[in-house]
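**Q** The residues making up each chain are set out below.
There are 4 protein chains.
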Amino acid sequence: MGQQTSAIVLISCKDQIGLVAAVTNFIHRNGGNIIDLEQHVDSQDHEFFMRVEWDITNFKIPAHQLGEEFNLAIAQPLGMQVRLCFSSEKPRMAVFVSKMSHCLFDILSRYQSGEWNVEIPLIISNHPNLEKVATTLGIEFHCIPMTRETRQEQEKKQAALLQKHQIDFVVLARYMQIVSGDFIRQYQNRIINIHHSFLPAFPGAKPYHSAHQRGVKIIGATSHYVTEELDAGPIIAQDVVPVSHTDDIEDLVRKGRDLEKIVLARAIWHHLQNQILVWNNRTIVFQ
Amino acid sequence: MGQQTSAIVLISCKDQIGLVAAVTNFIHRNGGNIIDLEQHVDSQDHEFFMRVEWDITNFKIPAHQLGEEFNLAIAQPLGMQVRLCFSSEKPRMAVFVSKMSHCLFDILSRYQSGEWNVEIPLIISNHPNLEKVATTLGIEFHCIPMTRETRQEQEKKQAALLQKHQIDFVVLARYMQIVSGDFIRQYQNRIINIHHSFLPAFPGAKPYHSAHQRGVKIIGATSHYVTEELDAGPIIAQDVVPVSHTDDIEDLVRKGRDLEKIVLARAIWHHLQNQILVWNNRTIVFQ
Amino acid sequence: MGQQTSAIVLISCKDQIGLVAAVTNFIHRNGGNIIDLEQHVDSQDHEFFMRVEWDITNFKIPAHQLGEEFNLAIAQPLGMQVRLCFSSEKPRMAVFVSKMSHCLFDILSRYQSGEWNVEIPLIISNHPNLEKVATTLGIEFHCIPMTRETRQEQEKKQAALLQKHQIDFVVLARYMQIVSGDFIRQYQNRIINIHHSFLPAFPGAKPYHSAHQRGVKIIGATSHYVTEELDAGPIIAQDVVPVSHTDDIEDLVRKGRDLEKIVLARAIWHHLQNQILVWNNRTIVFQ
Amino acid sequence: MGQQTSAIVLISCKDQIGLVAAVTNFIHRNGGNIIDLEQHVDSQDHEFFMRVEWDITNFKIPAHQLGEEFNLAIAQPLGMQVRLCFSSEKPRMAVFVSKMSHCLFDILSRYQSGEWNVEIPLIISNHPNLEKVATTLGIEFHCIPMTRETRQEQEKKQAALLQKHQIDFVVLARYMQIVSGDFIRQYQNRIINIHHSFLPAFPGAKPYHSAHQRGVKIIGATSHYVTEELDAGPIIAQDVVPVSHTDDIEDLVRKGRDLEKIVLARAIWHHLQNQILVWNNRTIVFQ
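Chains as they are written, first to last, in my numbering: chain A, 650 to 936; chain B, 650 to 936; chain C, 650 to 936; chain D, 650 to 936.
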């Protein structure tokens with residue numbers, strides 16, 4: 650878990666001999682103590698992935714030079730794509746909501762209790778009804794209504810707010826609006842959505858109605874990074890709950906709400922822990 | 650659970666006032682003691698479903714007249730569709746397999762230990778490799794190879810064997826062949842298949858490959874009655890198991906096998922307990 | 650689900666012939682339409698349990714006489730214990746909390762969204778820190794600190810508040826205090842607790858520490874009615890989540906919080922739907 | 650997964666700087682390609698654990714010298730406890746059973762299909778009833794009845810058979826007998842038991858009866874290494890299944906059987922993959 654200051658490096662590159670040795674040597678010879686190390690090789694694509702976290706209390710390279718030195722010594726020679734972050738950083742998250750409150754309330758409950766290492770300066774909704782909740786907690790709330798005609802213009806307002814608040818990533822907490830490709834490309838692998846079905850079953854609108862119609866015996870929820878294709882982005886977390894013929898659509902909706910908020914929270918947790926790499930529209934979620 | 654001799658009636662009809670009272674009165678005034686009663690009303694279609702089981706030890710109507718008397722007194726006046734069976738009956742089941750043995754072995758393990766009230770006189774396969782297992786247990790085994798050209802002819806052989814052995818229902822225990830519409834219509838809601846995915850996700854061939862490609866975090870298995878549309882019949886039971894990026898396709902196949910056999914066994918159990926009604930391509934599974 | 654006005658009767662008595670017929674006849678001949686009926690027989694104790702709900706829109710007996718007439722016609726002759734309630738009633742619930750907020754927030758989120766048919770006029774805590782949350786929602790909040798010495802006196806204050814607010818049942822939402830036998834007897838089967846383990850494993854204090862120490866691979870949460878023996882009351886709902894050696898105690902606590910709030914909410918739901926009967930320190934939870 | 654020949658090293662030692670670097674350097678400079686690496690640090694005890702598997706096709710050190718060289722270069726200087734094995738080795742497993750067949754059948758089904766890299770030369774039972782199954786598959790079967798009086802003498806016969814067949818580890822597949830401390834000490838962390846409850850709930854005899862009595866809403870099964878204290882050894886795997894008031898003890902037993910065989914098989918899988926380390930009566934199960 651580590652309350653000390655630590656550095657985290659996420660790596661992907663073609664698999665080759667000596668990758669782990671190279672990285673762990675770099676850390677060791679500079680006085681770092683590894684807190685956590687996980688690696689994975691995609692056996693089909695021969696792609697190598699790694700997440701390593703180490704204590705930098707006595708590290709010889711100062712934090713602001715670490716990225717450059719790691720690049721020169723390790724990443725460039727070995728052809729690695731690298732993401733570096735520090736446990737001392739507090740990511741800034743915006744929440745997009747519509748009318749339904751259960752995911753937002755769950756997020757705010759965790760936010761207030763300090764469960765997550767995150768700052769939430771901004772909530773955006775296409776409806777005004779959740780404003781009071783946000784402002785009670787001192788979070789800026791903006792109601793930006795959406796229609797097909799105004800989408801382009803309204804998204805500009807959203808983008809300006811995200812920029813103003815230096816938002817690192819966006820959570821769509823049952824935000825029932827299409828997000829444009831332009832917007833998505835600006836926040837690649839940084840928009841987390843919760844879809845109320847066990848994807849790839851029942852993408853799109855009204856999945857509980859479809860689930861009821863099909864007569865499934867289990868329903869699910871799926872959190873994923875948003876890509877331009879609807880409900881087809883890299884899956885971060887999924888969970889399910891059993892149902893039966895005694896559950897009508899209202900029951901599915903009610904049982905599903907509990908899944909949705911928990912599965913969304915798990916995805917946010919992994920994102921905040923810098924545990925996720927995306928490859929070929931799939932995620933590696935280090936533990 | 651009841652070791653005594655009992656009668657079971659499964660009912661479906663338009664919902665109306667007095668249905669439960671009519672049925673339970675019939676049982677009561679003839680000296681029957683209800684062991685189990687479940688009812689369900691489909692709130693969209695206003696269709697009524699019921700399963701009632703009662704001890705017939707001291708029942709005034711003899712078993713061979715029960716069907717007729719229940720029809721005259723209750724079912725016809727109230728427009729019910731009725732299925733009557735007795736706990737003393739031992740259904741006769743045939744198993745269709747291909748090369749993979751895990752579902753068949755699981756079925757035979759339960760058969761031998763007496764877990765199920767069933768007779769299995771017949772196993773049919775399109776491959777010879779599981780013959781020894783069958784014959785060791787004294788079960789007739791027939792290898793009936795299938796090609797697109799010979800299907801019609803070979804299905805006739807299958808049908809003749811089913812008839813000869815007075816088979817009540819058929820279990821496709823990872824039988825990797827298409828079954829013709831003619832065959833299916835003869836055994837409506839009496840052919841149970843196990844599909845190796847969480848339907849409706851990944852119907853058809855190679856679902857584990859598709860699941861891996863999509864990067865799901867949970868895989869499933871689905872048992873259902875076979876209908877003419879592939880993998881689209883009424884679902885009886887489903888279950889799932891979590892997976893992660895560390896699982897390659899082989900791992901999914903291995904983990905999936907355990908799901909498949911358990912989920913198939915659950916469906917067979919419900920079928921044998923006469924707990925299943927089919928309505929609008931969905932199942933009511935009474936407990 | 651039923652938005653219409655309905656009556657619900659919960660019955661327990663010695664099993665005997667004709668019970669279902671007697672009850673359903675009573676309903677039918679007075680013009681009631683059964684919405685839901687479930688019965689259960691304890692096969693060891695030969696005890697009969699039943700829950701029946703019927704539409705009373707056109708019922709010949711007015712609601713205020715229903716209890717008496719049912720007693721005279723059915724319950725007394727057949728030796729039944731009966732609980733009668735109406736879907737139009739809105740139960741009044743009090744929440745007891747300590748410092749931890751996750752269960753309370755979850756309850757309030759459901760309360761505000763209208764998920765439950767309940768009134769929450771009162772929150773009592775032994776700490777002041779959640780006062781603001783309560784008052785924001787217009788719920789009376791009382792901080793009643795507890796020590797071993799003051800328990801008796803302080804419980805009197807609690808009891809007075811419950812009486813003043815006409816509380817029907819109490820939810821201990823991670824209320825980390827012992828409740829006295831006197832108090833429990835006044836609210837028999839009307840105090841719902843959430844315990845943060847898979848009971849009967851790890852009763853008492855610090856179950857996550859014990860779970861970690863034992864090296865379990867799954868942790869759980871248990872909601873139950875409070876009885877005088879600690880963590881030994883009738884279990885209403887349980888759920889679990891997998892853990893591994895990578896989870897330290899903090900991780901168990903974090904993962905457990907999600908279980909606790911969901912499992913507690915399920916118990917409250919069943920209680921509010923009048924689906925629970927208690928027998929021999931076990932629950933029958935009708936669906 | 651790796652079909653190539655690989656070496657696997659399992660390490661435990663006090664945590665210290667440079668452990669991963671030391672091991673991965675050793676592998677790298679001798680021409681090994683890491684297939685899989687996992688490490689874990691117990692944050693309470695500051696103990697370090699690691700499992701690393703590497704392709705030895707072009708490894709400079711021959712397999713028969715690898716243990717010695719690794720010890721001299723790495724393990725001794727760093728104070729490591731080390732277990733070395735090779736993917737080309739096929740462990741030899743004995744199965745102990747009593748009358749119940751479901752776990753044994755499940756094991757044999759996997760054995761015959763080649764799911765596991767294992768040799769099963771020996772089955773020992775205190776009852777004769779499963780002899781035919783064993784001998785059909787060409788496995789030696791010995792019936793060694795047990796009474797309190799004859800235990801010591803009969804265990805000598807068992808031990809002699811294990812030695813004769815060069816057994817590496819023993820699986821108690823619902824073997825309903827106490828195993829003596831002497832026996833256990835000879836096979837430390839090499840005897841896998843399946844207990845039919847969610848330990849630590851319901852240790853000892855008749856756990857399904859106790860579960861029913863307590864009214865739990867979920868039942869479980871637990872596989873663990875056998876230690877001298879009954880049902881208290883290091884847990885390898887657990888799983889659960891929901892139950893309800895409708896399930897009597899027979900139902901629990903039936904549903905539990907499916908859990909037992911699957912959970913036992915998972916433990917055997919992890920053991921065969923050399924994924925398990927034991928520390929302080931807990932397991933680290935690398936994935």
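Hint data in this document are derived by calculation from the structure and do not stem from the laboratory.
Every residue gets a Cβ at the ideal spot worked out from N, C-alpha and C, and that includes glycine.
Do not rely on the hints blindly, as some may be mistaken.
[Said to hold, decoys possible] Residues on chain D that point at chain B, a partial pick, calculated with CB under 10 Å:
| no. | residue |
| --- | --- |
| 1 | SER750 |
| 2 | SER762 |
| 3 | GLU764 |
| 4 | GLU768 |
| 5 | ASP831 |
| 6 | ILE833 |
| 7 | ARG834 |
| 8 | ARG839 |
| 9 | THR895 |
| 10 | ASP896 |
| 11 | ASP907 |
| 12 | GLN936 |
[As the list claims (entries may be wrong)] With a Cα cut of at most 30 Å, we get these calculated DSS-like pairs of lysine-lysine:
| no. | chain 1 | residue 1 | chain 2 | residue 2 |
| --- | --- | --- | --- | --- |
| 13 | D | LYS663 | B | LYS781 |
| 14 | B | LYS855 | A | LYS855 |
| 15 | A | LYS781 | C | LYS709 |
| 16 | D | LYS663 | B | LYS739 |
| 17 | A | LYS904 | C | LYS739 |
| 18 | C | LYS806 | C | LYS748 |
| 19 | D | LYS663 | C | LYS855 |
| 20 | B | LYS709 | D | LYS663 |
| 21 | D | LYS748 | D | LYS781 |
| 22 | C | LYS805 | A | LYS739 |
| 23 | D | LYS748 | B | LYS904 |
| 24 | D | LYS748 | C | LYS904 |
| 25 | D | LYS663 | B | LYS748 |
[To be verified] Some chain B residues well away from chain D (every beta-carbon gap over 12 Å; in silico):
| no. | residue |
| --- | --- |
| 26 | ILE666 |
| 27 | GLN693 |
| 28 | CYS752 |
| 29 | THR785 |
| 30 | CYS792 |
| 31 | GLY853 |
| 32 | ASP896 |
**Q** Does each hint fit the structure? Answer for all of them.
**A** Outcome of the hint check:
no.: 1; hint: SER750; result: 5 Å, holds
no.: 2; hint: SER762; result: 5 Å, holds
no.: 3; hint: GLU764; result: 7 Å, holds
no.: 4; hint: GLU768; result: 19 Å, violated
no.: 5; hint: ASP831; result: 33 Å, violated
no.: 6; hint: ILE833; result: 29 Å, violated
no.: 7; hint: ARG834; result: 33 Å, violated
no.: 8; hint: ARG839; result: 23 Å, violated
no.: 9; hint: THR895; result: 5 Å, holds
no.: 10; hint: ASP896; result: 9 Å, holds
no.: 11; hint: ASP907; result: 5 Å, holds
no.: 12; hint: GLN936; result: 5 Å, holds
no.: 13; hint: LYS663(D) - LYS781(B); result: 54 Å, violated
no.: 14; hint: LYS855(B) - LYS855(A); result: 28 Å, holds
no.: 15; hint: LYS781(A) - LYS709(C); result: 47 Å, violated
no.: 16; hint: LYS663(D) - LYS739(B); result: 63 Å, violated
no.: 17; hint: LYS904(A) - LYS739(C); result: 21 Å, holds
no.: 18; hint: LYS806(C) - LYS748(C); result: 20 Å, holds
no.: 19; hint: LYS663(D) - LYS855(C); result: 28 Å, holds
no.: 20; hint: LYS709(B) - LYS663(D); result: 79 Å, violated
no.: 21; hint: LYS748(D) - LYS781(D); result: 13 Å, holds
no.: 22; hint: LYS805(C) - LYS739(A); result: 46 Å, violated
no.: 23; hint: LYS748(D) - LYS904(B); result: 28 Å, holds
no.: 24; hint: LYS748(D) - LYS904(C); result: 40 Å, violated
no.: 25; hint: LYS663(D) - LYS748(B); result: 50 Å, violated
no.: 26; hint: ILE666; result: 27 Å, holds
no.: 27; hint: GLN693; result: 26 Å, holds
no.: 28; hint: CYS752; result: 10 Å, violated
no.: 29; hint: THR785; result: 6 Å, violated
no.: 30; hint: CYS792; result: 19 Å, holds
no.: 31; hint: GLY853; result: 24 Å, holds
no.: 32; hint: ASP896; result: 9 Å, violated
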